[in-house]
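Peer 1: If you want the building blocks of each chain, they are given just below.
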Amino acid sequence: EAEVAQSPRYKITEKSQAVAFWCDPISGHATLYWYRQILGQGPELLVQFQDESVVDDSQLPKDRFSAERLKGVDSTLKIQPAELGDSAMYLCASSNGQFANYGYTFGSGTRLTVV
Amino acid sequence: QKEVEQDPGPLSVPEGAIVSLNCTYSNSAFQYFMWYRQYSRKGPELLMYTYSSGNKEDGRFTAQVDKSSKYISLFIRDSQPSDSATYLCATPGLIAGNKLTFGGGTRVLVKP
Numbered sequence: 001e002a003e004v005a006q007s008p009r010y011k012i013t014e015k016s017q018a019v020a021f022w023c024d025p026i027s028g029h030a031t032l033y034w035y036r037q038i039l040g041q042g043p044e045l046l047v048q049f050q051d052e053s054v055v056d057d058s059q060l061p062k063d064r065f066s067a068e069r070l071k072g073v074d075s076t077l078k079i080q081p082a083e084l085g086d087s088a089m090y091l092c093a094s095s096n097g098q099f100a101n102y103g104y105t106f107g108s109g110t111r112l113t114v115v
Numbered sequence: 001q002k003e004v005e006q007d008p009g010p011l012s013v014p015e016g017a018i019v020s021l022n023c024t025y026s027n028s029a030f031q032y033f034m035w036y037r038q039y040s041r042k043g044p045e046l047l048m049y050t051y052s053s054g055n056k057e058d059g060r061f062t063a064q065v066d067k068s069s070k071y072i073s074l075f076i077r078d079s080q081p082s083d084s085a086t087y088l089c090a091t092p093g094l095i096a097g098n099k100l101t102f103g104g105g106t107r108v109l110v111k112p
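Here the protein sequences come in this chain order: W and F. Per the numbering used here, the first sequence starts with residue 1, numbered consecutively. Per the numbering used here, the second sequence starts with residue 1, numbered consecutively.
Bound conformation, chain F alone (with noise of 0.2 Å):
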């Protein structure tokens, strides 16, 4: 079983709707999980990372860490067309600092 998990989509919405993204992980003592925005062709890029479990707001984006179901998800509000990006989870699993392992991605379409 992959550490991390999400759905490769597409997920296509009217720009101002929340998108919602998640990732199941697959051990419960995971502790640490980052959200990544990749641009068609470019390198992923650090939105937000999260410990342990609840939320993590910044601006029009939140994290939620569920580990009695080992779920992490992304809402991102009032979405634009800006926000058309594949989005991926990453954890660096049980040891502490060490490489982070990716899901797979999920593609995300605002539609203006």
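Chain W on its own, in the form it takes in the complex (with noise of 0.2 Å):
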């Protein structure tokens, strides 16, 4: 079965430093979604891709993240400088657009510890 593959698992940084999350869609998949889960809470979507282009990320705390998905294909998120706040689950999720009402799939996701 295919999945969306993210790394690392685990990671973490101090505060200030700076850190980068790696996905890999589903092959195929010309939509891509990174999401932020903070313990007890829903995923939050931070930003959306539609091939290489950014749909939304009007939750993206653009001071601070930034987001690419350079040839359409795999996407880094980056956080710099990491505050405490941002520890998290960063959730990578993606969808072949037409069948995105049926729900998409998500990757295991990277989860953050900023100390």
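These aren't lab readings, by the way, just hints derived from the structure by calculation.
Heads up, simulated DSS-like pairs for lysine-lysine below, C-alpha to C-alpha not over 27 Å straight-line:
1. W:K11 - W:K62
2. F:K42 - W:K78
3. W:K15 - W:K78
4. F:K2 - F:K67
5. W:K15 - F:K42
6. W:K11 - F:K42
7. W:K62 - F:K2
8. W:K11 - W:K78
9. F:K2 - F:K70
Beyond 12 Å from chain W on every Cβ pair, some chain F residues (computed):
10. S12
11. A17
12. S20
13. S53
14. R60
15. T62
16. D66
17. S69
18. K70
19. D78
20. P112
Note that CB positions come from ideal geometry on N, CA and C, so glycine has one too.
Join the two chains into one complex using the hints; note that each chain is given alone, in its own frame.
Peer 2: This is the structure:
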């Protein structure tokens, strides 16, 4: 079964350091999403890509977060500088656009701890 | 008002019992709804999706939409300890193929 690959699985970083997460969506999926999930809460969208273009980044804290999907395939999410409040699970998901109404597939996530 | 909301639980049931989970949603025009299961330290896994109103069944799982009261439900029959997880409801809202908005999740514990 096709999977969304994410790395690393866990990351511990010090406050004010830079950190990056990588995601490889299911092959052929044009739409890629980055979500953040704080412990005990539901996932919240940070950024949505359609191919290499950003469709929605309204909830992305752009002063410290950036995301790219240069060739419309894999994607990187970066935080610089990291803050204590950024500790969360960062989830990547992908979908075949026309089937997005039927749900999309998540990766296993990257659990970030900022100390 | 959030698009979907759920009781955070935890909901504790004995093995074999029926688990009943609910979400409320904000706009009666929403048509698509999903239920995801999330084990600790894992990504959410799609369980079921429903369209419009009525019931949908898949094995031990039944999803139900009540448009008149803007309520969606997930029932798990013959619950097993392996069903212990957080259950998230989600909707793309009004726009077909839109981003999913999630409820806060309900934690379920099935005791042997």
